[in-house]
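What follows is each chain in one-letter form.
Number of protein chains: 2
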Amino acid sequence: MYSHKVSERLKGFGITVGDRIRVSGKEGSLMPKPETGDPDCIVIKLDNGYNVGIHYEEGMAIEKLEGRVELEKLAQKEIKFDDRKPVVAILSTGGTIASRVDYRTGGVIPAFSAADLVSAVPELANIANIKGKSVMNVFSENIRPEHYKYMAGAVASEIAEGAAGVVILHGTDTMHYTSSMLSFMLRDLPVPVVILGAQRSSDRGSSDAAMNLICGVNFAAHADYSGVVVCMHGTLDDKFCHIHSGTRVRKMHTSRRDAFKSIDMKPIARVDYEGGKIDFIGEHPKRGHLELSVASGLESKVGLLKVYPGMRLEQVALFREKGYNGLVIEGTGLGHMPMKGDESSDENDRIFNEIRGLAESGCLVVMTSQCIYGNVNMNVYGPGRDLQKAGVISGQGMLPEVAYTKLMWLLGNYEKEKAKAMVSQNVAGEIVERREVAPDFEKGE
Amino acid sequence: MYSHKVSERLKGFGITVGDRIRVSGKEGSLMPKPETGDPDCIVIKLDNGYNVGIHYEEGMAIEKLEGRVELEKLAQKEIKFDDRKPVVAILSTGGTIASRVDYRTGGVIPAFSAADLVSAVPELANIANIKGKSVMNVFSENIRPEHYKYMAGAVASEIAEGAAGVVILHGTDTMHYTSSMLSFMLRDLPVPVVILGAQRSSDRGSSDAAMNLICGVNFAAHADYSGVVVCMHGTLDDKFCHIHSGTRVRKMHTSRRDAFKSIDMKPIARVDYEGGKIDFIGEHPKRGHLELSVASGLESKVGLLKVYPGMRLEQVALFREKGYNGLVIEGTGLGHMPMKGDESSDENDRIFNEIRGLAESGCLVVMTSQCIYGNVNMNVYGPGRDLQKAGVISGQGMLPEVAYTKLMWLLGNYEKEKAKAMVSQNVAGEIVERREVAPDFEKGE
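Protein chains in written order, with our numbering: chain R, 1 to 445; chain P, 1 to 445.
It is possible that part of the hints are untrue.
[Unchecked claim] Output of the computed footprint for chain P on chain R, the stretches with three or more beta carbons under 8 Å from beta carbons of chain P:
1) 141-150
2) 252-261
3) 305-312
4) 353-366
Quick caveat, the hints were computed from the structure, so don't treat them as lab data. C-beta: ideal position from N, C-alpha, C; glycine also.
Bound-form chain R, shown alone (with noise of 0.2 Å):
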């Protein structure tokens, strides 16, 4: 039940559960209010199909318009086992895919459990059974080590109880870095796993939750598929979602509802909306009957350091102080950086110094590229070859923020002479020959 005065005041209009209203700029059908949340909150189901709760404030304007819906069609229904669907866990972690706005402060945080974002879906149902679960409730930009142990650990427990497929709810500021992390420390993963969020919040008309929700759930559910990927819209229309190698996607546009791309790859497969259809770009791993296990070690003293002209000593040397274990560096073109003074200044030769002194000491120091797209080429420059001699590591194809996952779990699972070796092996997909792939970046206007 709304509280009294919302009550009130709906009474006041003449407006009754499935009436068409306008609150707060918002259109929509009224929602008889959940059972758990805010009494003084409204709850309307958009025309997109979401359900949003808006905070009422005294004296706000609530319009009735023209319409209505029969209460059967928006009551929340009982979801029944279906024996004939397969079981698909969706765990929420947080993030805008699973925020409401906070009308006290204007902002958006994330509120939603895994089970409300069902009930606002009902078209899932029709995909799978879905089991939900709140695992973490943190932004992403937020996320630290012990939160990629709690998210691998639901996993395993989701499989181990039979689930066909895992989606992960998830801010999508550090998707990326959390789809590799994954497949890092679930190894000989038998199902699909699918890490999904939003750009926009699910009370915007432009919201891309359910889209992704959806997709993300028939991928999990249906696709003869096993590793970690991101489900993310494939272009700016509601088309069709992306299905993208965890190791090699990256999230390419501070806004954009297309902004997860693979890197230097096609994308695995792509999810249409409408239909469901599932069609697979490449070769992939198939679904198997492998025992999931997960190496959850990581080790935390571990940095990542993008480097630029004109930056200081103090910067690099905190890693051999601290007494880090690896470090990626971020560096310039094939994997290059400041190393080579000259008469105005010796801070690059103290820098490489430094670099040496910690390669040195025993922490695994790994070069990319903070160009993103191609490969590390060490040997191609005199500097390159110094580095490597000083004993830095290239990262080959890897991503910056694939080889820092990948080196915080490498030192966390293996001794660090194995670890080392590891580096430039393929454990997840994240080392690709990088071909002439690169887009015409102006084309899409």
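Guided by the hints, dock chain P onto chain R, whose structure is given.
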């Protein structure tokens, strides 16, 4: 004259200047030895028009091939001043475009002076009266603040002496840092300043050096434009170069010849290799009669920090400890960073407190995004608002690398309050209203 041992060896094979030969895997016409340079270095003109020097080692095979060109075609023409043509000054700063292979280490080291380059690409004399000068010789990853001052000063001298345009030969690794820095330093620029380089050295058949140079000199000599731009291959083939805004360009591939891309805007112009046609793509500033001034102050205590999940306090704390006056954060998504801990760790809380303390200490802290494409927007989510309350300034649509050079420049030329206000003001086209423009990254294969 070549050294005695080289001369004898050539004579032994019956080879004279002009003959087509093969040495150390390279084919071309034997050139006379240039006035300067190693007399043991055999210079041949490759079919791509480029000269390459090969250090002669005792017993090295030299093969005489079919074919021969006339000495006059090969000889360095004495360049006569043509008063119907504009003067273009070419300033060499180092990098691949000014490099030859060092046969001692097998790597590529910078060697050719600008004058050597001009003699190696005779087409330049048809475009303009060329002045060549070597300003410095550093790989671009080794550039320090002092080098930006040399470059700005050298450009100003050439313009004062009447150059219609200036071309800077530069390593590609940090070319976009330099192009933005010079965009800020060179105030009221009346002519084009074109920065260009090569992704492949001139001894390789696939070298992009000659075409970039020819298109860049053409633009500097003839384009009705004022401002600092980058001129590099527009596509993988040798059809045209793109002219990019100095503050909106980024190296987006480690090795492709079309690695440089305009970010969130179209290139300024396209210059055809054959025919030399210059097509502007949009509105642009014209040549003028402004009085150039160099605002050459640079604050060196400015840092750039890419943040990531799991990062540790020490990477943030050093900026306050060492008394930095500016810091650009390369944040996640719309402009976020680790800032809120939970029961598993409060390292994020410490990081946020440190950022607040840094801003309170008077350091200008500016937020950008590691997504590369799209605007920072710190009003969408609560954490963005909290960062702003803590004193972090939105970098809006500025690229991280550009925000870094801008902050060095602002703090070097203005009082802190003025500098702070100018972070959000457009100085040299660095802030664009980023439209929903982004590429289909998968397409170009």
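Just to make sure I understand the rule, a stretch counts as covered if three or more of its residues have a C-beta closer than 8 Å to a C-beta of the chain. Does the stretch 353-366 of chain R meet that for chain P? violated (count 0)
Three residues or more, CB to CB closer than 8 Å: is that satisfied between the stretch 252-261 of chain R and chain P? holds (count 8)
Assertion that chain P covers the stretch 141-150 of chain R - criterion: three or more residues, beta-carbon distance below 8 Å: holds (count 7)
Are there at least three residues in the stretch 305-312 of chain R whose beta carbon sits under 8 Å from a beta carbon of chain P? holds (count 8)
Checked against the numbered hints above, the structure violates only hint 4.
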